[in-house]
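S.K.: Now for the letters of each chain:
Protein chains: 2
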Amino acid sequence: MLADIITIGDEILYGQIVDTNSAWLGTELAKIGVKVRQITSISDNPDHIIETLTALKPLTDVILITGGLGPTKDDLTKHTLCRYFNTQLVMDEGSLEHVTSFFTSRGRELTELNRQQALLPANCKPVANILGTAPAMWFEEEGIIYISMPGVPFEMKRIMTDTVLPELQKRAGGNQIIHKVIQTIGIGESFLAEKIANWEDALPAPIKLAYLPSLAGVRLRLTGQAAETVDLETQLNEQVEKLQTLIPEHIFALGEIPLPEAVGNLLKEKGFTVATAESCTGGHLAHKLTSMAGSSEYFMGSVVAYHNHVKINQLGISAEDLAQYGAVSEEVVSQMAANVRKLLNTDIGIATSGIAGPGGGTTEKPVGTVWVAYADAEKTVAKKIFYNKDRLLNIEYTTYTALNLVRQAILGV
Amino acid sequence: MLADIITIGDEILYGQIVDTNSAWLGTELAKIGVKVRQITSISDNPDHIIETLTALKPLTDVILITGGLGPTKDDLTKHTLCRYFNTQLVMDEGSLEHVTSFFTSRGRELTELNRQQALLPANCKPVANILGTAPAMWFEEEGIIYISMPGVPFEMKRIMTDTVLPELQKRAGGNQIIHKVIQTIGIGESFLAEKIANWEDALPAPIKLAYLPSLAGVRLRLTGQAAETVDLETQLNEQVEKLQTLIPEHIFALGEIPLPEAVGNLLKEKGFTVATAESCTGGHLAHKLTSMAGSSEYFMGSVVAYHNHVKINQLGISAEDLAQYGAVSEEVVSQMAANVRKLLNTDIGIATSGIAGPGGGTTEKPVGTVWVAYADAEKTVAKKIFYNKDRLLNIEYTTYTALNLVRQAILGV
Chain A
14 MLADIITIGD EILYGQIVDT NSAWLGTELA KIGVKVRQIT SISDNPDHII
64 ETLTALKPLT DVILITGGLG PTKDDLTKHT LCRYFNTQLV MDEGSLEHVT
114 SFFTSRGREL TELNRQQALL PANCKPVANI LGTAPAMWFE EEGIIYISMP
164 GVPFEMKRIM TDTVLPELQK RAGGNQIIHK VIQTIGIGES FLAEKIANWE
214 DALPAPIKLA YLPSLAGVRL RLTGQAAETV DLETQLNEQV EKLQTLIPEH
264 IFALGEIPLP EAVGNLLKEK GFTVATAESC TGGHLAHKLT SMAGSSEYFM
314 GSVVAYHNHV KINQLGISAE DLAQYGAVSE EVVSQMAANV RKLLNTDIGI
364 ATSGIAGPGG GTTEKPVGTV WVAYADAEKT VAKKIFYNKD RLLNIEYTTY
414 TALNLVRQAI LGV
Chain B
14 MLADIITIGD EILYGQIVDT NSAWLGTELA KIGVKVRQIT SISDNPDHII
64 ETLTALKPLT DVILITGGLG PTKDDLTKHT LCRYFNTQLV MDEGSLEHVT
114 SFFTSRGREL TELNRQQALL PANCKPVANI LGTAPAMWFE EEGIIYISMP
164 GVPFEMKRIM TDTVLPELQK RAGGNQIIHK VIQTIGIGES FLAEKIANWE
214 DALPAPIKLA YLPSLAGVRL RLTGQAAETV DLETQLNEQV EKLQTLIPEH
264 IFALGEIPLP EAVGNLLKEK GFTVATAESC TGGHLAHKLT SMAGSSEYFM
314 GSVVAYHNHV KINQLGISAE DLAQYGAVSE EVVSQMAANV RKLLNTDIGI
364 ATSGIAGPGG GTTEKPVGTV WVAYADAEKT VAKKIFYNKD RLLNIEYTTY
414 TALNLVRQAI LGV
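In order, the protein sequences belong to chains A and B.
Counting with my numbering, you get residues 14 to 426 for the letters of the first sequence.
Counting with my numbering, you get residues 14 to 426 for the letters of the second sequence.
Some hints here could point you the wrong way.
Copies of one chain are not kept apart here, so a pair can be met inside one copy or by any two copies together.
[Said to hold, decoys possible] Quick list of in silico lysine-lysine cross-link-like pairs, DSBU-like style, CA-CA up to 35 Å:
1. Lys138 <-> Lys183
2. Lys355 <-> Lys255
3. Lys396 <-> Lys183
4. Lys397 <-> Lys170
5. Lys48 <-> Lys281
6. Lys392 <-> Lys283
7. Lys208 <-> Lys397
8. Lys255 <-> Lys138
9. Lys221 <-> Lys138
10. Lys208 <-> Lys378
11. Lys378 <-> Lys44
12. Lys170 <-> Lys255
13. Lys208 <-> Lys44
14. Lys255 <-> Lys70
15. Lys221 <-> Lys392
16. Lys355 <-> Lys183
17. Lys70 <-> Lys397
18. Lys392 <-> Lys170
19. Lys208 <-> Lys355
20. Lys48 <-> Lys283
21. Lys170 <-> Lys48
22. Lys378 <-> Lys170
23. Lys44 <-> Lys221
24. Lys48 <-> Lys396
25. Lys378 <-> Lys183
26. Lys355 <-> Lys138
27. Lys355 <-> Lys193
28. Lys208 <-> Lys70
29. Lys221 <-> Lys170
Treat the hints as calculated values from the structure; they're not laboratory data.
Since the model is a prediction, treat every value here as computed from it, not as a measurement.
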C-alpha cells in the first residue's frame with residue numbers, strides 16, 4: 014500500500030513553519046507497512062489543491078491531507094474537496110454535537126463560525142477529532158482513500174493513532190517494513206563504503222542499505238521489506254551482527270541514540286565519573302554531556318580554560334610547557350586531561366585544545382588543528398585532529414572526536 | 014519568480030529525517046522576492062526524480078533540488094540529471110582539484126569514489142561546495158533554472174548564501190526588497206505588539222512588519238518592497254529610529270546579530286572581561302560566548318560546577334549556605350558569580366543555577382526554577398526565572414536570560 018502526503022499551508026512554503034507532521038506520518042505509516050511515496054507541500058489555493066489531488070490520484074492508494082481546516086483558514090480544504098468530489102456540504106449531526114459540547118464544556122458560547130465546522134462534504138465519513146473542533150474526513154472514491162485532517166500536530170497525531178492507522182493497517186495487510194539503524198563514528202562515508210562493500214553486496218534482496226552522514230559520524234540504515242510470513246526481524250539482526258564483527262571499533266550505537274547519550278550510558282554502566290578541561294570547545298563538550306537527563310550521575314564539572322592564565326592557575330598547567338610547546342600541543346592537552354581529573358576528583362578527565370578559527374592560525378598550526386586527550390588512573394591518550402570547516406563546526410567536530418576517544422579508551426577498541 | 018523545491022531521500026519519506034532544508038530555503042528565497050510554489054519530497058528512485066522534474070517544469074521558473082549527492086552507492090541525482098537532460102558525465106577539472114585538495118589538506122588519500130565526485134553532467138555549470146566534496150550544479154534549459162545541491166544542511170546553506178541566492182536575486186530583478194531586523198528581548202510578543210501598536214499602524218504602505226518570536230526574544234522584521242526609484246532605505250531607517258525611541262530597553266541588536274555576539278561586542282567596546290560559573294547550563298553559557306570569533310578578547314574561562322563538591326572546592330561556595338538555601342537559590346548563585354569573577358580575575362562574573370529537568374524538581378522548586386546572577390566590582394544582581402519546556406529549551410532560555418542580565422547591568426537599562 015502506497016501513501017501520499019499533502020500538506021497545505023503558505024506558512025510552510027514561506028519557511029515560517031517546519032513541516033514536522035510529515036516525518037511523524039512517515040514513521041508511523043512505515044511501522045504498519047505503508048510506504049510514503051511522496052510528500053507534497055502546497056499553498057492555500059483551491060486550484061493548487063485540486064491539481065495536486067488530480068495528479069497524485071493515479072499514482073497512489075492513500076492520500077493523507079493535513080492543514081487548511083479550521084475557522085482561521087476558512088475551512089479551505091473542506092470546500093475544495095467538495096469541488097473535487099463534485100458534492101456539497103451537509104450538516105453532520107454527530108460533529109455538531111461534538112463541537113457544541115467542546116465549547117459548552119469550556120463555558121464558551123458556540124459562534125456561527127464554530128457551528129459551520131460541522132458542515133461536511135456529503136460523501137465523507139467523519140472521523141472524530143477529540144482534541145479540537147474541526148473533524149477529520151475519510152473519503153473513498155474509485156479505490157483511493159483520501160483522509161483530510163487538521164494541521165495542528167497534536168490533533169492530527171491523535172486522529173491518526175485512534176482511527177486512521179488502525180483502519181489502514183487492516184486494509185494494508187501484505188508487506189512488513191522494518192528499519193535498523195547502526196551508528197558509526199571515526200570513518201568517512203567513502204572509506205566506510207569500501208570497508209563494508211562485500212557485506213553490502215551480499216545483502217539479501219529484501220534488505221536495502223542507506224548511508225546517512227552527519228558531523229557525528231555516518232548512520233547506516235538497513236531497511237527490510239517482505240511479506241508478513243518472512244522472519245524479517247531475524248534476517249535484519251543477522252546482518253547487523255555481521256556488520257558488528259566487521260567494524261566493531263566504529264559502531265557506537267544501534268538505534269537512534271546520540272553519541273553523548275551513548276557515551277553517557279557507557280559511563281553509567283561502568284560507574285565512571287568524568288570531568289572536562291576545555292580550551293577550544295569553550296564549554297561545548299560539557300554542554301553535550303549535560304544535555305542528557307540524568308547526566309549528574311557521571312558528569313561532575315568542567316574547567317573551561319580559555320585564557321592561558323586559567324590553564325596555569327586553575328588547571329596547574331606548567332607555564333614552561335605552555336611557552337615551549339604552545340597551548341595546542343600533546344604535552345599541554347595531556348596535562349589538562351590528567352589535571353582536571355585530579356582537581357575534580359573523577360575517574361576520567363577529557364581535554365580539548367585547538368584553533369577553532371577563523372583567527373589564531375599559524376603556518377605550523379593552521380586553523381582546524383586540535384588536540385584532544387583522555388586520562389584515567391592508568392593512562393593518558395592524546396589524539397591530534399585536523400578539521401577545518403567553520404568555527405562552530407570545528408568546535409562540534411572536536412566535541413564528537415573527544416567523546417569517541419572516551420568510548421574507545423573505555424572499551425579498548 | 015516562482016521556485017519549486019525537490020528534496021530527494023527515502024529517509025525523509027520514512028520520517029527518519031525532518032526536512033528542515035525546505036523551511037530554510039523558503040525563508041531565504043522570500044527575502045529576495047522569490048516565492049516557493051511547492052515542496053516535493055520524493056524517494057531515491059531515478060524514475061520518480063525524472064517524473065517529478067517533468068511534471069514541475071511547465072509550472073515554475075526555478076527548481077532547487079537537495080539530496081542524493083554523495084560518494085556512496087546511494088548517489089543517484091547526478092546520473093538521473095544526465096538522463097533527464099540527455100547528456101553524460103564528464104570530468105570537471107576545477108571540481109577534481111577541489112576534491113583532491115580537500116583530502117590532501119587533511120592528510121588523507123583520494124579514493125576512486127572521491128575522484129568520481131568531480132564527474133559532472135556535461136551541460137552543468139559547477140557551483141563550488143567549499144564545505145564538502147560533492148559540487149553543486151547549475152543547469153539552464155528552455156528558460157528554466159535547475160540547481161542541484163547536496164542535502165547536508167550546512168553545505169547546502171553555504172552554497173545558497175555564497176552563490177545561488179545572489180545569482181537568483183540578480184535574475185529576479187523588478188522591485189527592490191529591503192529587510193531590516195530589530196531584535197528585542199525581555200518582552201513577550203503580545204506585550205510588545207501592544208506597546209508598539211501606534212507605530213505599527215502608522216507604517217507607510219510599502220513597509221510591512223513581521224513578528225518572529227524565538228527563545229532568544231522577538232525579532233521584528235520590517236520588509237519594504239517598492240520600485241527601484243523609491244528611496245526605500247531612508248524610509249525604513251526612519252521607522253527603525255522611531256522604534257528605538259519607543260522600546261530602547263528591549264532592543265539588543267539591529268540586524269541578524271545573535272545575542273551572544275551583541276553582548277560580546279558590548280564587552281569588547283567597554284574593555285570588560287568575563288567568566289562564567291555554571292550549574293544548570295552545564296557549559297552552554299560558555300559555549301554561546303565562545304561561539305563568536307574573537308571571544309578570547311573578553312572571555313577568560315568558566316567553572317562548570319555541576320556537582321556540589323565542585324561548587325564548594327573550586328568556586329568556594331559555603332557548604333553551610335548550600336545546605337541551608339540549596340544550590341538553586343539567590344544566595345548561592347550570587348556567590349557563584351562573585352567568586353568566579355575573583356577566581357578567574359575578570360571584571361564580570363555570570364552564574365546560573367537551576368533545575369533543568371526532567372528530574373530533580375520539588376514542590377517548592379519545580380523543574381524550570383532557575384537563578385541567574387551578575388557580579389562586577391561594585392554590585393551583584395540576581396534574578397529568578399521560571400521557564401519549563403524541556404531540558405534543552407530550559408538550558409537555552411537560561412543562557413539567554415543570563416546574557417541579557419549582563420547587557421542590562423552594563424547599560425543600566
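S.K.: Of all the hints numbered above, which does this structure not satisfy? Sort the numbers upward.
M.R.: 2, 3, 5, 8, 11, 14, 15, 16, 17, 18, 19, 20, 24, 25, 26, 27, 28
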